[in-house]
Amino acid sequence: MRAYFDHAATTPLDPEVADAMSRVLRDVYGNPSSIYSEGQTARALVDQAREDVARALGAAPNEIVFTSGGTEADNLALRGTLRARAAEGDGLVTTAIEHHAVLDTAHDLAHEGRARVTVVGVDKHGRVEPEAIERALDRRTVLVSVMHGNNEIGTLQPLARIGAIDREHGITFHSDAVQTVGALPLDVSRVPVDLVSVNAHKFYGPKGVGALYVRTGTRIATLQTGGGQEKGRRTGTENVAGIVGLGVALRIAAAKRAEESARQARLRDRLIEGVRGRIPGAVLTGHPSERLPNNASFCFPGTQGEALVVALDLAGFAVSSGSACTSGSTEPSHVLLALGLGREVAQGSLRLTLGRGTTEAEIDALLAALPPIVARLRAVSAVPV
Amino acid sequence: MRAYFDHAATTPLDPEVADAMSRVLRDVYGNPSSIYSEGQTARALVDQAREDVARALGAAPNEIVFTSGGTEADNLALRGTLRARAAEGDGLVTTAIEHHAVLDTAHDLAHEGRARVTVVGVDKHGRVEPEAIERALDRRTVLVSVMHGNNEIGTLQPLARIGAIDREHGITFHSDAVQTVGALPLDVSRVPVDLVSVNAHKFYGPKGVGALYVRTGTRIATLQTGGGQEKGRRTGTENVAGIVGLGVALRIAAAKRAEESARQARLRDRLIEGVRGRIPGAVLTGHPSERLPNNASFCFPGTQGEALVVALDLAGFAVSSGSACTSGSTEPSHVLLALGLGREVAQGSLRLTLGRGTTEAEIDALLAALPPIVARLRAVSAVPV
Amino acid sequence: MRVYSDAAKEHFTNPRNVGTLSEPDGKGSDANPSCGDRTTITLRVSSGRVSEIAFRTFGCTAAIASASQVTELALGRPVDGAWALEPADVLNALGGLPPDKEACALMAVGALRAALLDARVRT
Amino acid sequence: MRVYSDAAKEHFTNPRNVGTLSEPDGKGSDANPSCGDRTTITLRVSSGRVSEIAFRTFGCTAAIASASQVTELALGRPVDGAWALEPADVLNALGGLPPDKEACALMAVGALRAALLDARVRT
Ligand SMILES: Cc1ncc(COP(=O)(O)O)c(C=O)c1O
Ligand SMILES: Cc1ncc(COP(=O)(O)O)c(C=O)c1O
Chain Y
0 MRAYFDHAAT TPLDPEVADA MSRVLRDVYG NPSSIYSEGQ TARALVDQAR EDVARALGAA
60 PNEIVFTSGG TEADNLALRG TLRARAAEGD GLVTTAIEHH AVLDTAHDLA HEGRARVTVV
120 GVDKHGRVEP EAIERALDRR TVLVSVMHGN NEIGTLQPLA RIGAIDREHG ITFHSDAVQT
180 VGALPLDVSR VPVDLVSVNA HKFYGPKGVG ALYVRTGTRI ATLQTGGGQE KGRRTGTENV
240 AGIVGLGVAL RIAAAKRAEE SARQARLRDR LIEGVRGRIP GAVLTGHPSE RLPNNASFCF
300 PGTQGEALVV ALDLAGFAVS SGSACTSGST EPSHVLLALG LGREVAQGSL RLTLGRGTTE
360 AEIDALLAAL PPIVARLRAV SAVPV
Chain W
0 MRAYFDHAAT TPLDPEVADA MSRVLRDVYG NPSSIYSEGQ TARALVDQAR EDVARALGAA
60 PNEIVFTSGG TEADNLALRG TLRARAAEGD GLVTTAIEHH AVLDTAHDLA HEGRARVTVV
120 GVDKHGRVEP EAIERALDRR TVLVSVMHGN NEIGTLQPLA RIGAIDREHG ITFHSDAVQT
180 VGALPLDVSR VPVDLVSVNA HKFYGPKGVG ALYVRTGTRI ATLQTGGGQE KGRRTGTENV
240 AGIVGLGVAL RIAAAKRAEE SARQARLRDR LIEGVRGRIP GAVLTGHPSE RLPNNASFCF
300 PGTQGEALVV ALDLAGFAVS SGSACTSGST EPSHVLLALG LGREVAQGSL RLTLGRGTTE
360 AEIDALLAAL PPIVARLRAV SAVPV
Chain V
0 MRVYSDAAKE HFTNPRNVGT LSEPDGKGSD ANPSCGDRTT ITLRVSSGRV SEIAFRTFGC
60 TAAIASASQV TELALGRPVD GAWALEPADV LNALGGLPPD KEACALMAVG ALRAALLDAR
120 VRT
Chain S
0 MRVYSDAAKE HFTNPRNVGT LSEPDGKGSD ANPSCGDRTT ITLRVSSGRV SEIAFRTFGC
60 TAAIASASQV TELALGRPVD GAWALEPADV LNALGGLPPD KEACALMAVG ALRAALLDAR
120 VRT
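Chains as they are written, first to last, in numbering that gives the first Met the number 0: chain Y, 0 to 384; chain W, 0 to 384; chain V, 0 to 122; chain S, 0 to 122.
Hints were generated in silico from the structure; no laboratory data involved. Among the clues, some could well be false.
To be verified - Here are some of the chain S residues that sit facing chain W, going by a computed Cβ distance under 7 Å:
id: 1; residue: Met0
id: 2; residue: Arg1
id: 3; residue: Val2
Glycine included, C-beta positions come from ideal geometry on N, C-alpha and C.
With the hints as constraints, model all of the structure from the sequences given.
Here's what the structure looks like:
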């Protein structure tokens, strides 16, 4: 048996998406910029996908800019805004638990002298206080970036309240919703957010394609210059098959969302309760209730994340850990440290993320396999719990 | 009958590439950054593609950085070099006939105050004089960017001589080889070029994936910041299926290259001769011999490019023109203007680019269809030829 | 070719009233400086109506189709009726043009009005 | 799991000589400050040979496998022979480690040498 518990890292392609993409790859080769028939056939597919994505977000089609993924969407949001609004200010406010695509970009902008960055902390569950964001604003602030759902610990943020504050001050509000689009409703006609990052491979779509929602009227510069596709906001020949895949995947995800997220949340709760009941000293990370329906994340003091991942892989489970432990140095996850966990505890992190294919039997198999692995690693380390 | 004569815009996917990608889309979903089995399966495919691309260019695998296409490769080359070498200088020398992905990026860098840009002209056949490049260099020059084969007129540039000059001065040499990789040999172990842009969809691979060859030791900064993929040179989850497609497509193209390019060059010559014999006043654009094997490009004074494209589309031929004529304003191609052609002549441009599927019968059909169309448009305009 | 309507394609492929009348009553041109397109219309007026009309266009599909269409609309109309033709009439008759090509209808009407004005001045 | 060799996986899954000897002849530790991993080795020497040995490791797969491997290599060896063990010996015995994990073999050998040194000093 093999069970995949790393849907936050990436998801399998929905078979319907795979079929749609394979058809495009085989049959549609025109360049969407060409006005002859072959080109317009491709253009029509891109337009259809744009409508699908817009509809899922409550946006208008011309507010959707396709990108090469979540990382590019985040970079475009931050770099594009800071550049477009440079005359007004250079203040960028973000949080300590953002994905590297936001946090490293903020640091890089600061390093280049293009932004003054303020990083707001979170509480022990990973929640950002809207008031803390408000306190961090000043007259030069042009952008606030707060993710919707955290990729490691699953904590959800109060976007509506943060957005309302930003709007009041004329500040652009970006949210990295890479982990939530597909799993939770996010309707930009109700939530006052100006830029939203989307990433197909997190909702059973292809890797290498994403989108940035850009509310009409939001000033944003482009990252890349060239042929002028996407109305100059993101130039380069369109990844037609990938964009089609994104559109179909989001359409399917929106249709399945309510039922599937409820189902996953039940399994997640079973997993969390099971782990807590069976593994002494297990620490649930993230918010107890305000969390992604598919996220169960823990720290097991006395273990090291990479060893947990390898041991579980050998036992038939694909999982991940916040501590990457590559290139000879384990940086414990900045997210876990931001929660106030000690470095050694943070090193024993394990992230279990469920998906459409996850079954109760898989949960129970994992609950059987995990406790002896934790016990073995603890026996080897003998680090007191 | 329908004949596709716009292979410089994009090419149909090779069926073998489509199959390889479809298999990946269906079966391989792991994230290449994950260390468990699913991830490593994806990683192995990315590594294999990297080897395939490296082999085709005479490079080492770790010199290949995957991107989201030719535009990103060009942007990475220019922006990345100017940033990485900012302490040494800000001089960027390029040519008047580069693709927008280079030229607009150079202008944008100049506009931002990050580069002093010198644009070197070309002769009436679109050739760049190595001596003209040399004269444009100064002590602050850090980057020279000269394309290998032009996308509109097909003219090839003397890369080896330009590269030798740049190397002598310690200047990074970039070449946009998007139109040539696949069609002509380019061996970086012999040609002194440091950065080379590659684009899968120009050689029967997928849209939305490309690569930048980065010679070991070349200083280059990243455009995007985030998770750190591609050794930090191009971060973001890899477009695994697209990268596999790029690798397979380039492997196939390299195998077919010699024979196929010779075949296309013969058909191209038949087309050029046929057009010249049948259409009075036809102007061949680009170099008579130093040109891409698949490029036949013309101006027909008294016609307008968009009208030629539409008329040929209605007659069953997909072709393109240098004059885009969108958004209400026809900018005649900067490439054609750089050749010294008048604006009105340049407006009547037609680009015919052959491919693997092109047959002699298609050439002859085009040679039958084109003269009456040109005659009709000339009759309507009555612009004296 | 989905970019253009069937009517626009028809006018482009088989343009009506192509040419230049010799010794016309009125002759007028209009141009789109941003793209270099231009249209010249010549016409004759008899009994207060546009009795003959011809056009020449250097330009794109939309420019040619619009000019052809406007000559067809004007032919046989009283001068006042021809003068009253709007770009919207051309667009309607063509079944629309792509949004970024609507200026072409303006150019066609501009050339027609210039020719009508010329005829009025001369006659 | 292709990242690790079969031998490394075996040592990781069934580590040899886990534990802490009570009243050892030598005890030594090494750590990798960049990742927080650490290994402690305790051993006993009799007749000039490593006669008993045990390790504890807090760390990744490679750290655990390397420590287990080094105890296996050292057990029964003359003290000089154990002292002569190099990280390369550990890597060879494991059939290699991923390049970015080779420092783990260094840590295992470091802990062994620290324990051997401690035994030499004490005895
Ligand atoms: C919250 C978040 N933002 C951004 C990204 C970056 O996405 P990608 O690596 O696909 O570009 C990820 C994916 O790991 C993510 O989880
Ligand atoms: C010479 C050249 N450079 C760059 C590009 C840009 O490629 P893409 O639009 O696929 O990013 C093209 C494609 O049109 C090209 O022909």
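Task: Those earlier numbered hints the structure runs against, lowest number first - done: Structure breaks no hint.
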